[in-house]
Amino acid sequence: MKKYCAKSLSLLFLWLSACSSPSKEPTIKVRFAQDPESLHPLSYGNAPALQILNYIYQSLLTVDLENNSIQPLLAADLPSIRREDSLSYFTFTIRPEAQWDNGSPVTAQDVAFSLKMLHSPLLDNERWRGQYDFIKDIQFSKNNPKTFTLICSGYTPEMKLMTGDFFVLPAHQFDPNGILASVPYALIRQKFDSLSNTATFKAFASTINQPGMARDTALVKGSGPYMLNKWSTGQSLVLEKKKAWWGNKAMAQAPVLRANPSRILFQVLPDNAAALLALKSQALDVMDNIPLVTFQEMKRDEKYQQVYNFYSPTSFDFVYMGVNGQNAKLENRLTRQALAHLLNVPQIISSVQGGLATPTVGLVHPQEKNFYNAELPLVKYDQEKARALLQAAGWQQTSSGWQQKINGRPQTLTLELLYRAGNSDFENMSLLFQQNAKSLGIPVTLQALESSQISERLESRQFDVYLRTLVGTPFSYNLIPILHTSNANEGGANVTGFGNAETDLLLEKIAVEEHTAEKALLLKSLQKAMQEESNLIPLYFQQNKIAVSKKLDSVIISGLKPGYDLTKATFKK
Amino acid sequence: MGRSKTNSPMSLAEKASLTWLLIFTVAALLSQILVLRGEQVVAIPEQAYLPPFTTFEHLLGTDGLGRDVLFYLFLSCRTAWLLAIPPLVLASLIGVGLGTIAAIAGNHGWRIPLVRFFALVLLLSVYGILYPVTHFWPVFAESALIRWIYYGSSFPLLYLLLTKEGFPANSGNRRYITLAVDDWLQKIINIWSALPKLLLLLLLTAFTPFSLGTLLGWICATYWVLPARIARANVLLLKKDSYYESALALGIPFYRVFTNYLLPSLKGPILTNFCFAASGLLGVGSTLAYLGIGIPADVPSWGKMLANARFSIEAWWLLAFPATFLLASIFSLQVLGNNITVQSRHKSVTK
Numbered sequence: 001m002k003k004y005c006a007k008s009l010s011l012l013f014l015w016l017s018a019c020s021s022p023s024k025e026p027t028i029k030v031r032f033a034q035d036p037e038s039l040h041p042l043s044y045g046n047a048p049a050l051q052i053l054n055y056i057y058q059s060l061l062t063v064d065l066e067n068n069s070i071q072p073l074l075a076a077d078l079p080s081i082r083r084e085d086s087l088s089y090f091t092f093t094i095r096p097e098a099q100w101d102n103g104s105p106v107t108a109q110d111v112a113f114s115l116k117m118l119h120s121p122l123l124d125n126e127r128w129r130g131q132y133d134f135i136k137d138i139q140f141s142k143n144n145p146k147t148f149t150l151i152c153s154g155y156t157p158e159m160k161l162m163t164g165d166f167f168v169l170p171a172h173q174f175d176p177n178g179i180l181a182s183v184p185y186a187l188i189r190q191k192f193d194s195l196s197n198t199a200t201f202k203a204f205a206s207t208i209n210q211p212g213m214a215r216d217t218a219l220v221k222g223s224g225p226y227m228l229n230k231w232s233t234g235q236s237l238v239l240e241k242k243k244a245w246w247g248n249k250a251m252a253q254a255p256v257l258r259a260n261p262s263r264i265l266f267q268v269l270p271d272n273a274a275a276l277l278a279l280k281s282q283a284l285d286v287m288d289n290i291p292l293v294t295f296q297e298m299k300r301d302e303k304y305q306q307v308y309n310f311y312s313p314t315s316f317d318f319v320y321m322g323v324n325g326q327n328a329k330l331e332n333r334l335t336r337q338a339l340a341h342l343l344n345v346p347q348i349i350s351s352v353q354g355g356l357a358t359p360t361v362g363l364v365h366p367q368e369k370n371f372y373n374a375e376l377p378l379v380k381y382d383q384e385k386a387r388a389l390l391q392a393a394g395w396q397q398t399s400s401g402w403q404q405k406i407n408g409r410p411q412t413l414t415l416e417l418l419y420r421a422g423n424s425d426f427e428n429m430s431l432l433f434q435q436n437a438k439s440l441g442i443p444v445t446l447q448a449l450e451s452s453q454i455s456e457r458l459e460s461r462q463f464d465v466y467l468r469t470l471v472g473t474p475f476s477y478n479l480i481p482i483l484h485t486s487n488a489n490e491g492g493a494n495v496t497g498f499g500n501a502e503t504d505l506l507l508e509k510i511a512v513e514e515h516t517a518e519k520a521l522l523l524k525s526l527q528k529a530m531q532e533e534s535n536l537i538p539l540y541f542q543q544n545k546i547a548v549s550k551k552l553d554s555v556i557i558s559g560l561k562p563g564y565d566l567t568k569a570t571f572k573k
Numbered sequence: 001m002g003r004s005k006t007n008s009p010m011s012l013a014e015k016a017s018l019t020w021l022l023i024f025t026v027a028a029l030l031s032q033i034l035v036l037r038g039e040q041v042v043a044i045p046e047q048a049y050l051p052p053f054t055t056f057e058h059l060l061g062t063d064g065l066g067r068d069v070l071f072y073l074f075l076s077c078r079t080a081w082l083l084a085i086p087p088l089v090l091a092s093l094i095g096v097g098l099g100t101i102a103a104i105a106g107n108h109g110w111r112i113p114l115v116r117f118f119a120l121v122l123l124l125s126v127y128g129i130l131y132p133v134t135h136f137w138p139v140f141a142e143s144a145l146i147r148w149i150y151y152g153s154s155f156p157l158l159y160l161l162l163t164k165e166g167f168p169a170n171s172g173n174r175r176y177i178t179l180a181v182d183d184w185l186q187k188i189i190n191i192w193s194a195l196p197k198l199l200l201l202l203l204l205t206a207f208t209p210f211s212l213g214t215l216l217g218w219i220c221a222t223y224w225v226l227p228a229r230i231a232r233a234n235v236l237l238l239k240k241d242s243y244y245e246s247a248l249a250l251g252i253p254f255y256r257v258f259t260n261y262l263l264p265s266l267k268g269p270i271l272t273n274f275c276f277a278a279s280g281l282l283g284v285g286s287t288l289a290y291l292g293i294g295i296p297a298d299v300p301s302w303g304k305m306l307a308n309a310r311f312s313i314e315a316w317w318l319l320a321f322p323a324t325f326l327l328a329s330i331f332s333l334q335v336l337g338n339n340i341t342v343q344s345r346h347k348s349v350t351k
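Here the protein sequences come in this chain order: A and B.
Our numbering puts the first residue of the first sequence at 1, with every later residue one more than the last.
Our numbering puts the first residue of the second sequence at 1, with every later residue one more than the last.
Hints were generated in silico from the structure; no laboratory data involved.
All residues carry an ideal CB built from backbone N, CA and C; glycine is no exception.
Check before you lean on any hint, since a few could be wrong.
[Stated by the list, open to error] Covered stretches of chain B, as calculated for chain A (at least 3 residues, CB under 8 Å):
| no. | stretch |
| --- | --- |
| 1 | 232 to 243 |
| 2 | 250 to 257 |
| 3 | 296 to 303 |
| 4 | 311 to 324 |
[To be verified] Between beta-carbon pairs, the in silico distance windows are:
| no. | chain 1 | residue 1 | chain 2 | residue 2 | range |
| --- | --- | --- | --- | --- | --- |
| 5 | B | Arg37 | A | Ala278 | 44 to 52 Å |
| 6 | A | Asp382 | B | Ala206 | 45 to 53 Å |
| 7 | A | Lys303 | B | Val342 | 50 to 58 Å |
| 8 | A | Pro270 | B | Tyr176 | 39 to 47 Å |
| 9 | B | Leu124 | A | Ala203 | 49 to 57 Å |
| 10 | B | Leu120 | A | Ala493 | 18 to 26 Å |
| 11 | A | Ala33 | B | Leu120 | 37 to 45 Å |
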């Protein structure tokens, strides 16, 4: 009996010791506020998913977070561009070393397959079909299986990144029977509807749409440096560096391919308080979007100064107040300008944002020195100016508020301010705006709504004013969707009804202008026009609040999403 | 009923509770006056997070937006009071009414002539169809007169239908429909009480825009169940008593039977329930505010201040003061409820 006990105990210990040390590899622990919706390369949905997919799959081009420049990733070089009439030709060559996990090379055929995936019927690719509609065809080189040319309609500067911004997927893995290989790219686009009825495409779609594609560790794999090791929903995701990754050899010449950490653990902690507790007990190495007051308190605390570096890089998240220019009360631009004078932006930045925000005159980040209109003054908080503007707009102050007859109907200037429920920053800003407006005699009702409810109200134009964040990038100034008058009708994205023939022309020119100097002139006049119209009253560009463990070296902090780049990080010895 | 009252002297806790509730009510009343005059807590962001007891101006300190904590808590009394007392009074009235009707009418007590029943259904459906027309059709939507006609006409018509005695001609041939009032009420109560109250409130508030008015309505709709149960059970007991039967036999009108014979026995349990439900509601109201649901951002509330306290650990006063106010009010109501239970047990005829 004793022997039996001893044996079983020693077995138990063996088993325990096998469990408790899963890996000796140093692991970087990162906080995720939510699970990825799905790791399907076509329909990943949210930001955490994209972040993970960027470690697993690769695109032809990438943006280097260190200096916001476009770099070739899977491509050997930036594309050579040729323009003819209404078409433009982008010629890429894939890195000679690039190969899939099974040793077969990444070829132009894989790129063609990936493009076909973006346009195939019965797949969840509606968003991509619109976005990549401009890629008309793909031509293969006869000499090199790794060289190809994308034929695009028209030319815009955004195409320099867009032509190489989709994931290149392994054709042999997603389509072992070669169903898509037999159908040319142009044909898939033309015969979209009729192909959707064929049995082969139905069968293909059912394999691509199977749930495993979105989370199975055996199916989610690409040419990137990492593979998905484990995903426990609501708990964590583990990425492990591939031992024999092709990029290891090419890294020396191409720093963009560098991938140092051998293991990255993404801890899913939806609750901010729980995440902060984990951060404070040093169970996390990287956390972004830390709530302001905690961030300030930790930054002041010596205990945390010793273990964390704190960063607040400026982001391209533009926070603004939208005003409904199609609403009878707010039709007059002077009324809208008056509202702009009721927002005390410096006060909001110092109190609500703790100074961690950048004031701006418009949609262009002040950091983009070429394009930012620095001559334009920031709109100041000024009650008297607001009063004068309201009077100039025809409003008269009576005992029951500001009144005037608009289109034969008596109107009283009252406002309903919409903002997302649960966003405490917006709530505080709303309260401050309400207080300022009240002292001028404008009653403001605050309405906290769910995000989808706000979108609904905006789309049906049933609103006065709202607070929102616009996520931008410095790579594209194609503002036609949100500012052009052709999108001002119900359902269009230009919800504030901004614009006239002049600004439409400006927007169209900006979208296609290539030369920096001309583009700068155009953008500056757009910023001026936007300030005059005041449909979007700018508040500030947000700054991210990130803590990174001092154990890590060379983590790149950036204003672009997700705010940090871990691939070049190393552990300090 | 010559029962001598057993007036036990009040304990210290009870005195303190009563005093606190009195202060609470007076504060609520005063802040209602202030709100009517358009006063609100002024936010001075430059004075954010002032600790308490440092300046005379902000005795209890300021919050993250530089609002005076003392004044904020004072104005919050109104919100807490409004969310607890009026909806509970209304819910108790509804509950007692429904419970008594169910107990008295039972499953066979309410017979309505078939014709009248169908007329009632027809009338209700016509008004139901007219509702969107009068409220949302652009021509009518802005006319107050149409609404007055809509609501004004409904009451006399309903009154006529429910009270007018006898339809002309062959009354012997009339058919009746029996409404199983008790059964139906029981079913509704069972379904309604199966859902947790807080969850139900969360669900209901999702359907309407945030405002105090709608929240009051929803609380009322959620809290009538327990008074209805208590009233029904008590009336069912009293119904069997001989004094009730003799009162009926003497032909005393029902409203007097109710006020003189039923209500005295109902009062104790209903008041007890009221106190406990009110203390619960203070908690629920604060929870909703804490979660940021139902109460608009510009309406001050203890729960909201507690929610703001999450953002800063150093600002302990944002947690301590509203929590003290909330706990004091809840405990006071509990103590009072306890007291009423004890007293009504002494007085009850059905003990």
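Each hint, compared with the structure:
1. Only when three residues or more bring their CB closer than 8 Å to a CB of chain A does the claim for the stretch 232 to 243 of chain B stand; here the count is 0, and the claim is violated.
2. Coverage of the stretch 250 to 257 of chain B by chain A is violated. Counting CB-CB distances below 8 Å, 0 residues qualify, and the rule asks for three or more.
3. For a cut-off of 8 Å, the count of residues in the stretch 296 to 303 of chain B with a CB near a CB of chain A stands at 3, and the three-residue condition holds.
4. Counting residues of the stretch 311 to 324 of chain B whose C-beta lies closer than 8 Å to any C-beta of chain A gives 4; at least three are required, and the coverage claim holds.
5. Separation of B/Arg37 from A/Ala278 is about 48 Å and conforms to the stated range, judged on CB atoms against 44 to 52 Å.
6. With their beta carbons about 40 Å apart, A/Asp382 and B/Ala206 fall outside the hinted range of 45 to 53 Å.
7. At roughly 54 Å, the beta-carbon separation of A/Lys303 and B/Val342 lies within the given 50 to 58 Å, and the hint holds.
8. In this structure, A/Pro270 and B/Tyr176 break the distance hint of 39 to 47 Å, their C-beta atoms being roughly 59 Å apart.
9. Our hint of 49 to 57 Å for B/Leu124 and A/Ala203 holds, since their Cβ atoms are close to 56 Å apart.
10. A beta carbon spacing of about 51 Å between B/Leu120 and A/Ala493 contradicts the range 18 to 26 Å that was offered as a hint.
11. Judged by the Cβ atoms, the range 37 to 45 Å given for A/Ala33 and B/Leu120 is violated: they are separated by roughly 55 Å.
Hint compliance for this structure: hints 1, 2, 6, 8, 10 and 11 are not met, and every other hint is.
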